[in-house]
Amino acid sequence: MTGAENLPAWAAVPVIFLLVLGGGIALIGAIGLMRLPSFYQRIHGPAITVTLGAGCILIASMIHFTALQSRPVIHELLITVFVLMTAPVVSMLIMRAAVYRDLRAQKNTFSAGPDDVYRLPPEEKD
Amino acid sequence: MMKRLFPSLRLSAALLLAWLLLNQSVEPAHLLLGAFLAVATPLLTRSLQPLPHARIRRPLLLVRLLFTSLLEIIRSCFNVSRIILFTRPEGVNSQFIRIPLDLRNPYGLALLSCIINTTPGTVWAEILPGTNDLALHVFDLHDAQWWVDTIKSVYERPLIEIFEG
Numbered sequence: 001m002t003g004a005e006n007l008p009a010w011a012a013v014p015v016i017f018l019l020v021l022g023g024g025i026a027l028i029g030a031i032g033l034m035r036l037p038s039f040y041q042r043i044h045g046p047a048i049t050v051t052l053g054a055g056c057i058l059i060a061s062m063i064h065f066t067a068l069q070s071r072p073v074i075h076e077l078l079i080t081v082f083v084l085m086t087a088p089v090v091s092m093l094i095m096r097a098a099v100y101r102d103l104r105a106q107k108n109t110f111s112a113g114p115d116d117v118y119r120l121p122p123e124e125k126d
Numbered sequence: 001m002m003k004r005l006f007p008s009l010r011l012s013a014a015l016l017l018a019w020l021l022l023n024q025s026v027e028p029a030h031l032l033l034g035a036f037l038a039v040a041t042p043l044l045t046r047s048l049q050p051l052p053h054a055r056i057r058r059p060l061l062l063v064r065l066l067f068t069s070l071l072e073i074i075r076s077c078f079n080v081s082r083i084i085l086f087t088r089p090e091g092v093n094s095q096f097i098r099i100p101l102d103l104r105n106p107y108g109l110a111l112l113s114c115i116i117n118t119t120p121g122t123v124w125a126e127i128l129p130g131t132n133d134l135a136l137h138v139f140d141l142h143d144a145q146w147w148v149d150t151i152k153s154v155y156e157r158p159l160i161e162i163f164e165g
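Sequences listed follow chains P and F, in order.
In terms of our numbering, the first sequence opens at residue 1 and continues consecutively.
In terms of our numbering, the second sequence opens at residue 1 and continues consecutively.
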């Protein structure tokens, strides 16, 4: 028994809505990770999970415990702040690792011209 | 003296706030310990800080920029979801594009990279070596010039005013 059955209706409705939306977004992110063919596309799938997916679930948590404990429960804001500070750094590092791996794989055209960005090998479709 | 004790008032305030949020309490004991941490942490970690603390010249503009970014993040989330669910993977045109930046302040660039990477559908790769051009990866590219104009007008210009103004 978590006490969820005592949740008043005015809080239960937005909590349910946000949890379903957040869960759905996280699922779509996972589907993207599974379906998209190349690495550079797959990196965009989890981005929606950590922003809107996690955001909805954290707001739902704030509403749920605020209503249940009759006091403002907002320390989820800290999770939001830490996620927003760390997730971009991780995706940037992964992206650069992939770019430099692919550039090293074809040593001849290492430097890009003034117009294009990177001259990468054609992506393998697996 | 004040400057030596409090290298950055904002940083100290943020640490105190984080401590109070973690403990979910404003009792005097937590306030005292939080205040001690807020003063001690910036002093102890000063040698880890490679740059002087950022000066924010237009705080209200910063708030507005963060709000704009939030709306943009939510919008992009639904766009990326739509592409994942309803577009055949072969039809997604993922490309690197090159965006010449005028912003040079390291804090401004850091904030710009965080905003861009948090927005689904775009990932910041790097500032290309030897230039001030950003290599940006776009999930589904239709119009490269639109991205250049959007990033420069919506994000870069306010950041220049906030950090370099």
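For the record, the hints were derived by calculation from the structure and aren't laboratory data.
Every value quoted in this text rests on a predicted model; they were computed, and no experiment measured them.
Mixed in with the good hints there might be a few duds.
[Said to hold, decoys possible] With the C-beta cut set under 10 Å, the calculated list includes, among others, these residues of chain F facing chain P:
| hint | residue |
| --- | --- |
| 1 | L43 |
| 2 | F78 |
| 3 | W146 |
[To be verified] Across the chosen pairs, the derived CB separations fall in these ranges:
| hint | chain 1 | residue 1 | chain 2 | residue 2 | range |
| --- | --- | --- | --- | --- | --- |
| 4 | P | S38 | F | L22 | 37 to 45 Å |
| 5 | F | H142 | P | I79 | 16 to 24 Å |
| 6 | F | T68 | P | G3 | 35 to 43 Å |
| 7 | F | T131 | P | G3 | 37 to 45 Å |
| 8 | P | V89 | F | V154 | 21 to 29 Å |
| 9 | F | Q145 | P | M85 | 27 to 35 Å |
| 10 | F | G91 | P | T66 | 21 to 29 Å |
| 11 | F | R58 | P | P37 | 19 to 27 Å |
| 12 | F | S47 | P | M34 | 40 to 48 Å |
| 13 | F | P106 | P | T66 | 44 to 52 Å |
| 14 | P | F17 | F | L60 | 29 to 37 Å |
All residues carry an ideal CB built from backbone N, CA and C; glycine is no exception.
A quick look at each hint next to the structure:
A least Cβ separation of about 22 Å between F/L43 and chain P goes past the 10 Å threshold, and the interface hint is therefore violated. Interface hint status for F/F78: upheld, as the beta-carbon distance to the closest one in chain P is roughly 8 Å, under 10 Å. With 10 Å as the threshold, the beta carbon of F/W146 stays out of range of chain P, its nearest partner Cβ sitting at about 17 Å, so the hint is violated. At about 41 Å, the CB distance of P/S38 to F/L22 agrees with the hint of 37 to 45 Å.
Separated by about 35 Å at the C-beta atoms, F/H142 and P/I79 break the suggested range of 16 to 24 Å. For the hinted restraint 35 to 43 Å between F/T68 and P/G3, the CB-CB distance of approximately 39 Å keeps it satisfied. For the hinted restraint 37 to 45 Å between F/T131 and P/G3, the CB-CB distance of approximately 58 Å leaves it violated. A C-beta distance of roughly 22 Å is found between P/V89 and F/V154, which places it inside the suggested range of 21 to 29 Å.
Between F/Q145 and P/M85 the CB atoms are about 31 Å apart, so this pair conforms to the stated range of 27 to 35 Å. For F/G91 paired with P/T66, a C-beta distance near 44 Å fails the hint of 21 to 29 Å. Roughly 44 Å separates the CB atoms of F/R58 and P/P37, a value that falls outside the hinted 19 to 27 Å. With their beta carbons about 45 Å apart, F/S47 and P/M34 fall inside the hinted range of 40 to 48 Å.
The hinted window of 44 to 52 Å between F/P106 and P/T66 is violated, with their beta carbons roughly 38 Å apart. For P/F17 paired with F/L60, a C-beta distance near 32 Å keeps the hint of 29 to 37 Å intact.
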